[in-house]
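**Student:** Taking the hints into account, I'd like the entire structure generated from these sequences.
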Amino acid sequence: MSKCASLCRCLFMEWLPVRIGVALLTMLGLVNVFMVRVNLSVAIVAMVHHNTSGTTSDLQAHCQAFNGTRAGGMLVTPALGEAAGRENTTGSQALLVDPVEWGMEEQLAGEEEEEEVKEKGEKEDDERLHWNEWVQGQVLGSFFYGYWISQVAGGRLSELYGAKLVFGITVLSGGVAAFLTPIAAYSHYLSLVTLRALQGFMQGAAYPCTFTLMVSWIPRFEQAKFVAFVLFCNNISITFTMALCGFVIDKLGWEGAFYVTGAISFAWCIVWYFCMYDNPANHPRITQEELRYITESKNYCPECKTVVQSPSSPLSLPPSSSVPWLRLAKSAPMWAIIMAEIGNSFGYSVYFSYLPTYVENVIGVPISQNGLLSALPFLARYLGGAVFATTGECLLARRKLTVMTVRRAFSIVAMIGPALMLLAVGYSGCDPILAMTLLCLGFFFNGAVTIGVFANKAEVSLHYVGTVCGLGNMSANVTSFVVPLVVGAITNNQETLEAWQMVFWTCVPVYVVCEVFFFVFVSPSRQPWDFVAVKEDTQKKEEWDETAETCQVCGVITQKE
1 MSKCASLCRC
11 LFMEWLPVRI
21 GVALLTMLGL
31 VNVFMVRVNL
41 SVAIVAMVHH
51 NTSGTTSDLQ
61 AHCQAFNGTR
71 AGGMLVTPAL
81 GEAAGRENTT
91 GSQALLVDPV
101 EWGMEEQLAG
111 EEEEEEVKEK
121 GEKEDDERLH
131 WNEWVQGQVL
141 GSFFYGYWIS
151 QVAGGRLSEL
161 YGAKLVFGIT
171 VLSGGVAAFL
181 TPIAAYSHYL
191 SLVTLRALQG
201 FMQGAAYPCT
211 FTLMVSWIPR
221 FEQAKFVAFV
231 LFCNNISITF
241 TMALCGFVID
251 KLGWEGAFYV
261 TGAISFAWCI
271 VWYFCMYDNP
281 ANHPRITQEE
291 LRYITESKNY
301 CPECKTVVQS
311 PSSPLSLPPS
321 SSVPWLRLAK
331 SAPMWAIIMA
341 EIGNSFGYSV
351 YFSYLPTYVE
361 NVIGVPISQN
371 GLLSALPFLA
381 RYLGGAVFAT
391 TGECLLARRK
401 LTVMTVRRAF
411 SIVAMIGPAL
421 MLLAVGYSGC
431 DPILAMTLLC
441 LGFFFNGAVT
451 IGVFANKAEV
461 SLHYVGTVCG
471 LGNMSANVTS
481 FVVPLVVGAI
491 TNNQETLEAW
501 QMVFWTCVPV
511 YVVCEVFFFV
521 FVSPSRQPWD
531 FVAVKEDTQK
541 KEEWDETAET
551 CQVCGVITQK
561 E
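All residue numbers for the sequence shown refer to full-length UniProt numbering, where the first residue is 1 and numbers rise by one.
Simulated from the structure, these hints should not be mistaken for laboratory data.
Positions of the beta carbon are idealized from the N, C-alpha and C atoms, including for glycine.
Honestly, I wouldn't trust all of these hints.
Capping the alpha-carbon separation at 25 Å, the derived lysine to any residue pairs in SDA-like fashion look like this [unchecked claim]:
hint, residue 1, residue 2
1, Lys251, Arg128
2, Lys251, Trp272
3, Lys251, Tyr186
4, Lys330, Val516
5, Lys330, Phe519
6, Lys400, Ile264
What follows is a set of in silico ranges between Cβ atoms, one per label pair, in the way DEER data are often shown [what the hints assert, rightly or not]:
hint, residue 1, residue 2, range
7, Gln501, Pro284, 57 to 63 Å
8, Thr194, His49, 20 to 26 Å
9, Thr391, Val508, 23 to 29 Å
10, Leu24, Lys251, 26 to 32 Å
11, Ala397, Tyr186, 53 to 59 Å
12, Lys400, Met502, 40 to 46 Å
13, Tyr427, Tyr293, 48 to 54 Å
14, His188, Tyr427, 30 to 36 Å
15, Gln501, Lys330, 38 to 44 Å
16, Val513, Ile433, 30 to 36 Å
17, Ala397, Val516, 41 to 47 Å
18, Ala397, Glu289, 16 to 22 Å
19, Thr391, Tyr293, 43 to 49 Å
20, Val513, Thr194, 35 to 41 Å
**Tutor:** Next comes the structure, spelled out in structure tokens:
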């Protein structure tokens with residue numbers, strides 16, 4: 001125990017509250033989860049031999065012509081020794097371009113170096129894996145074959161055996177899979193598909209585990225910020241992984257990207273094992289004041305300004321041996337969460353799918369070669385999550401709005417805001433600055449899910465929050481299979497603005513219907529089925545359900561006198 005306490009003191013300052021240290025450690029764990037998931041998306045560029053056909057999509061040709069006309073119609077040819085212009089759209093004389101004035105001097109001087117790089121690239125290309133586009137798609141998509149299946153099971157296991165064990169195994173399995181990836185890739189692509197599917201299955205428990213951990217460690221009115229800064233770290237992790245893997249691949253080859261990310265996961269697991277505890281009361285460094293604050297804040301009612309004593313404290317009650325599946329299936333608030341997750345995930349998948357296409361076809365830069373540009377929408381979503389979560393919690397703390405009003409209002413921002421931005425992007429034409437700004441705004445508005453549906457998961461249940469989160473995530477991940485089919489059917493391999501406008505219009509009713517359902521049936525209260533976990537006789541449980549009343553401010557269920 002003393003060694004564990006010493007390690008925790010070394011990693012986290014004495015003045016830092018233990019719950020903040022737990023949140024930071026959890027955030028780093030999620031960074032590892034996404035790092036070993038995204039590493040293949042970055043490394044596959046260096047792994048696989050790519051055939052360059054030199055063809056241009058309709059959208060790319062249209063936007064290149066538009067942007068060239070908008071620039072005055074002057075085209076500068078980069079060929080060695082040339083410095084010439086073409087006639088503009090008004091038919092004026094050709095414009096002579098000075099190489100020094102237009103920055104072409106460096107291009108002329110660096111041609112020999114480019115030739116050397118080209119020869120080196122051709123040599124490395126011969127050593128790459130010869131996978132066609134279909135095989136690459138199977139390899140990249142295989143992670144989700146197992147990912148959506150284990151969501152509910154992972155959440156339930158975290159309730160029964162603790163988030164520390166289940167989440168630790170989740171991150172550890174990702175590290176093992178990273179080390180085995182080069183071996184599987186050189187063996188056969190089906191070996192890698194199988195490995196990635198198993199990795200997805202093992203890592204499906206990550207998010208449900210963090211919600212189980214959150215209800216034990218994080219006070220109720222700090223949970224939205226926990227979601228924003230910790231659970232939304234995938235937006236930061238994507239940016240970090242792209243930069244890290246790009247650097248490692250350049251120095252050590254594509255195999256090094258998997259070995260480095262796997263080693264980082266192993267290092268995190270060691271720290272997690274010694275510093276993490278499922279119950280705050282068991283932590284060796286926690287103070288009595290912080291423990292009391294965590295415990296009492298869960299049942300504190302700002303309306304009554306008292307701590308409500310519930311017969312089912314989340315910190316002391318052992319988990320129930322069974323889940324009330326029938327009650328869950330009949331619960332309207334549970335279906336509200338599922339519908340909101342489906343709508344949010346459907347739109348997010350379209351955003352994520354369209355961003356690479358837009359960057360390549362409109363701006364003309366492959367997303368794999370422009371880390372900053374590809375990171376902007378994700379950074380905007382992370383910033384939006386932090387801003388909306390902080391704003392919502394301030395409104396609740398000052399009693400400006402009720403919990404119900406906050407959940408509904410911010411869910412509208414998170415769902416309708418991105419829907420409007422999608423439509424605006426579709427009609428932005430070929431203006432790259434405008435379209436990228438609208439994409440970032442859409443991601444920023446979507447950050448409001450932190451104070452909306454994500455925070456609501458921990459309100460409807462304390463004992464089954466892992467299961468609730470698993471059901472929501474499983475439903476959301478179904479859209480990962482649906483969206484590519486919808487987009488493919490509409491675009492039919494024709495990259496035109498009209499086709500993408502139709503795709504965006506398809507997203508609007510999905511957003512609206514799911515938001516309306518959530519708005520009507522959302523509940524900020526613990527549901528009666530959550531009290532099935534109370535280890536009492538049936539008659540007493542029925543009496544509790546019948547005499548329960550809900551505070552309209554904080555949603556805490558109390559028993560009438």
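**Student:** For this structure, which hints from the list above don't hold up?
**Tutor:** 2, 6, 14, 17, 19
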